[in-house]
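6 protein chains.
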Amino acid sequence: MPFILSHDPARRPRLLVINPNATEAFTESIRNTLNADVELDFYTAPAAHAPPCIEGVTDMILSAAACLVELRAHVDKWDGFVVACFSGHPLVQALRELSTAPVVSILEASLLMGSSLGSRVGILTTSPRWEPLLERDIAAMGLSKKNSAGIVSSGLAVLDLEELPRSSVIKVLCTAAADVLQDRRGADVIILGCAGMVGLEAAIADSCQLGLVVLDPVRCGLELCLSLMRMGAKTSKVGIYAPA
Amino acid sequence: MPFILSHDPARRPRLLVINPNATEAFTESIRNTLNADVELDFYTAPAAHAPPCIEGVTDMILSAAACLVELRAHVDKWDGFVVACFSGHPLVQALRELSTAPVVSILEASLLMGSSLGSRVGILTTSPRWEPLLERDIAAMGLSKKNSAGIVSSGLAVLDLEELPRSSVIKVLCTAAADVLQDRRGADVIILGCAGMVGLEAAIADSCQLGLVVLDPVRCGLELCLSLMRMGAKTSKVGIYAPA
Amino acid sequence: MPFILSHDPARRPRLLVINPNATEAFTESIRNTLNADVELDFYTAPAAHAPPCIEGVTDMILSAAACLVELRAHVDKWDGFVVACFSGHPLVQALRELSTAPVVSILEASLLMGSSLGSRVGILTTSPRWEPLLERDIAAMGLSKKNSAGIVSSGLAVLDLEELPRSSVIKVLCTAAADVLQDRRGADVIILGCAGMVGLEAAIADSCQLGLVVLDPVRCGLELCLSLMRMGAKTSKVGIYAPA
Amino acid sequence: MPFILSHDPARRPRLLVINPNATEAFTESIRNTLNADVELDFYTAPAAHAPPCIEGVTDMILSAAACLVELRAHVDKWDGFVVACFSGHPLVQALRELSTAPVVSILEASLLMGSSLGSRVGILTTSPRWEPLLERDIAAMGLSKKNSAGIVSSGLAVLDLEELPRSSVIKVLCTAAADVLQDRRGADVIILGCAGMVGLEAAIADSCQLGLVVLDPVRCGLELCLSLMRMGAKTSKVGIYAPA
Amino acid sequence: MPFILSHDPARRPRLLVINPNATEAFTESIRNTLNADVELDFYTAPAAHAPPCIEGVTDMILSAAACLVELRAHVDKWDGFVVACFSGHPLVQALRELSTAPVVSILEASLLMGSSLGSRVGILTTSPRWEPLLERDIAAMGLSKKNSAGIVSSGLAVLDLEELPRSSVIKVLCTAAADVLQDRRGADVIILGCAGMVGLEAAIADSCQLGLVVLDPVRCGLELCLSLMRMGAKTSKVGIYAPA
Amino acid sequence: MPFILSHDPARRPRLLVINPNATEAFTESIRNTLNADVELDFYTAPAAHAPPCIEGVTDMILSAAACLVELRAHVDKWDGFVVACFSGHPLVQALRELSTAPVVSILEASLLMGSSLGSRVGILTTSPRWEPLLERDIAAMGLSKKNSAGIVSSGLAVLDLEELPRSSVIKVLCTAAADVLQDRRGADVIILGCAGMVGLEAAIADSCQLGLVVLDPVRCGLELCLSLMRMGAKTSKVGIYAPA
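Protein chains in written order, with our numbering: chain Z, -9 to 234; chain X, -9 to 234; chain E, -9 to 234; chain G, -9 to 234; chain D, -9 to 234; chain B, -9 to 234.
Check before you lean on any hint, since a few could be wrong.
Identical copies look the same in the list; a pair holds intra-copy or inter-copy alike.
[Stated by the list, open to error] Listed next, the in silico BS3-like pairs over lysine-lysine satisfying Cα-Cα at most 27 Å (straight line):
| no. | residue 1 | residue 2 |
| --- | --- | --- |
| 1 | K161 | K224 |
| 2 | K227 | K161 |
| 3 | K227 | K67 |
| 4 | K67 | K224 |
If you're looking for bench data, these hints aren't it; they were derived computationally from the structure.
If we strip away everything but chain Z, and leave its shape as in the complex, we get (with noise of 0.2 Å):
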């Protein structure tokens, strides 16, 4: 299925997905979990001006700002982007206003191909303080109605997540999903909502009863940017994101 892109058609389509935080180690971990019939490109915040992970709005200014200023000189060498962090991250809205490329943000895309699963689609979450962030952009997304099972915290911090034995880890997390989020909050979908627990589909499928599903929003995030690219879909340019 060949890409008919209209800028070039010599030119073989390639996707960027941004790592908005300035650790690569999280760059090579979404590296390496996907593959895709375009030229993958991978990018990471400069760590001289975005934060080494996001944990709130200013997180998300200061990196959004450290991404923009490097790449909207060059979005026009990518034909779809993805923003990998599991938020409604404020570059996703910037990149659609500087490129006609499609812009995919993983929470969108996951909750969206959740929803088309199951009808409780729930998320699993590291720290408390990601409960109302995520609640708040949903929202704001108008897709509160597509997360009825809603957003449960492990308690787990980020670091957490590579610093404590892998076995407490995993036994943290099937807790939240199987004890809250299936049990009490009955989703029959489950997305791991948070980059460190890329990797553990299986192990958290398997804590549940046989039959839920349990989705990595990166995984769907490029899904749905390829899609949009194979379409030739383009970023509308006469409403929201109109150049200015």
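Assemble the complex: chain Z is given as a structure, and chains X, E, G, D and B must be docked to it using the hints.
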């Protein structure tokens, strides 16, 4: 990007596009616009029991039942389904109950994709009756906020699309798209809400402001289904789609 | 209070209560609890095509189609219809398309009546799967705010209601009603969301706080339909229910 | 169909229709259009304390207080109440606190009944001020989705309805109904939102497309109340309407 | 910052705080906690017609009518009004109809202010009946999203607040605040929803996590009203509050 | 009314008004219209990193980052902040994360205040692109119901406001206010949604019906912040604004 499908890794993945009405010509025109790197099958509802086109809930029930009677014993043959009726056709939910493969609604898929390309998605439909019908179905999907430019009837009947001179058809549709959806409703993305409009994307885009996005929902549905298949995503079996 | 029906003033008004599943015993138990000062007819879906009970959308489609095939040529015989399935059964919309007589859903009627008797209406249902199914159907009706105490599954299957000892059944239902709906959810009105619970209103009310209201939805549906008939109210034919 | 009322099976059921303003003529015109197979009583608020018509919240408070002072010691005399003011009149909630009998609002009843007869219910009102007033009251009832064609002012004051020549009144109302509610708003059901319009249903229906439904809300309220009475339904006493 | 009031620049601005129940002691406790750089007047509803405390809609109507009868001829004396009842008391709307000065509801003001200080505002109330009452009133104000931690009853009656030993009262309130609102509901801002709790802000804040915000709604109402007065803001007279 | 601020009772309270774009002239015009009985400081974003005006999310990110880099080490100097950009500027949330002082958005403040003065608040903005931008931001704040008369673009660019003859500017704005917001949308309160409109309140009010309210959002923001400061209110530190 090889498919890894649980039941038979050797088999090439298969996707079934279902036209739930009994008009073969519609299926043909869909077939002619689609292609994919999977085995694509096309199905038309049986003329003995299904109506020639879908004009309301009675038609939806009869067409869904006709499809189910023929398909329900064979759902295991496919790894993904697209229901190619621009409505909240009940066959989508029914297939999700019967199969573990992903099942995609072209209405849902196009709204989700369109809303990542702009902020005011509008729908161009045929007869006025589809305005309240689509409004109700979109509300039932929890997606009203993703259709903020609303639904606009062109006044043309489905048959008009085929029987009137092509230039007249295009003129009427372009007027509804440009004058009503774009100018009065502020749409920045327009979805062509009827299979009979397939192939008119370019003409309609030309009548609107440069940069406005026009989408073919069948193409959206196919691409979203392919994404879900490539991810190995399954329909959840522990909630609303649990086996009876 | 004489009925003034347009088509034939001499004829006594007739109302059809439709049990859209194929189990005659359910129809009988409904018949035994109802009476009215009009001609009451009762209809059971044909066993050859309709399922014995409704457990999801597949069942709804097949049962609706079975009823439509038999009834559509004869809808003029009745002056009102009650669809006696506690769900968003699509037969309701279909009959509104086919007839000018009022068509009442027992789910819609009981929510509307219940919400004029209290402020937190809750629903007691059978298997857990009905929780998301009813939630979706009630949202599609635009009535989620009228069901603020939510839907609670008793865990009993429909067959359990008939096969287990009566005292066990009552005990389980009363626990769900009193402990979950009344105490935890704060319900002040409880709707018995399954035909198999007919006749248990008093027992369940006795297990709850004095003054809590328990409603039989079939009775609600019948009474609302009679009201509409007495008013001479017709289904509108200029919008969503216009003739095709 | 005999009434089975708890307190006194021998007594014939009694229903009180309350006109909460002080104008006897309004009560009379209501009385002339209603009949029922129960004892129907009619009440007009006392002219000493209640306003002659209801034009806002100040009027609602004063009229409700005037009625409560007279009625509260006697509520046990009736088995059902209809508050015949087309608004969110607070007397409805107050009577539900004071009585165990059902209490019906004509605004709520007509919206509920109308929305089972079509999908876009519109309201025709008098002065422009009623547009935001009704909008707020309907939102407070959680019924905004049941009034999707909105509220349209005819521009006529209540007194105009009685003082202008009948033909002029009908002409103005028909224009608002046909041009604004039907054509521009797509209403398929129209509720006459003022007691002064009683008796004009046929004239207004004639000015609209054949098949559009026009409803008299007082009649709706009476019929819904009769339904609740026949069911033996009580106002719940364990939640918002619990005794103080 | 001098007030520039239209009707009389020489006069010092006056603000009326209205206690719409008939208990002087409540007015006194409010008076003792408030101060402002304007003339502050305090009003208590007349005991002959208003109830000693507000426990529902009947009480609201009677207290509002009692206040209106006394105040309506004199509203020009004040440049701002605060209705000090933690509810959707109808006197607020009535005064807006009668005066051009701003009129503030302490429920509305505290929700608005609280929601700019945190993201999950919760309300601590007295008897369980206030839970559905406040829920309905907040929904009617269009502010449900600003009360996402909900309303929690302490189980204490208003009189308990004065008659039980202070230490017991504090213990019960702190438990409801810390265990239910903070821990289970995730509130980060708590509003004390009853005049009888005035003065307990510090004790309740001490029982919760450091950094959680506790608000006195009467103080919120006063400050918002002062802001509006300083701005010279008037109640609009062209819409819902137009003169009759 | 003395301020009681925790950290230093001797110090006079200080409030910082932040103009997050880099145009000093805007800051000056704001400074000229405001006064208060606290120490008022004014801040303009640095021209090296912030855009001269805010035209979308890219501008918001860059301006917010520029402000944060300069201000974050000094937030303890102020007891309150007003972010003077009529949008959902992310600096508001970021400052709430960094400071315990109250932080006020002029968009949020003006909607809240406006909705206590009327029932249909409308916003007059500059270029058409702000319509969907503000719509999204207001929805994200959960305040769509407080903006029921919507957002209307005057068609003028921000620079037009300064460069065109004053009389032309006023004429265009008055037409949009009177013809569109007042007449077609039924607004009873109009908020001037752009700093460039400061000082035009009277002219615009004159063009509308007597009694309609016109609000300057910067003034609203200042007054709300002063209220919160006087109450000693703090930003909550246990939820969404908890320290990282």
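Regarding K67 and K224, is the shortest C-alpha distance of 27 Å or less found within a copy, between copies, in both, or in neither? Close inside one copy (15 Å), not across copies (34 Å); limit 27 Å.
Checking K227 and K67: alpha-carbon separation at most 27 Å within a copy, between copies, both or neither? Intra 18 Å, inter 42 Å, cutoff 27 Å: intra-copy only.
With 27 Å as the alpha-carbon cut-off, assign the pair K227 and K161 to within, between, both or neither. For K227 and K161, the Cα distance is within 27 Å only across copies (23 Å; inside one copy 47 Å).
How would you label the pair K161, K224 (within, between, both, or neither) given a Cα cut-off of 27 Å? between (43 Å within a copy, 24 Å between copies)
Violated hints for the displayed structure: none, as all numbered hints are satisfied.
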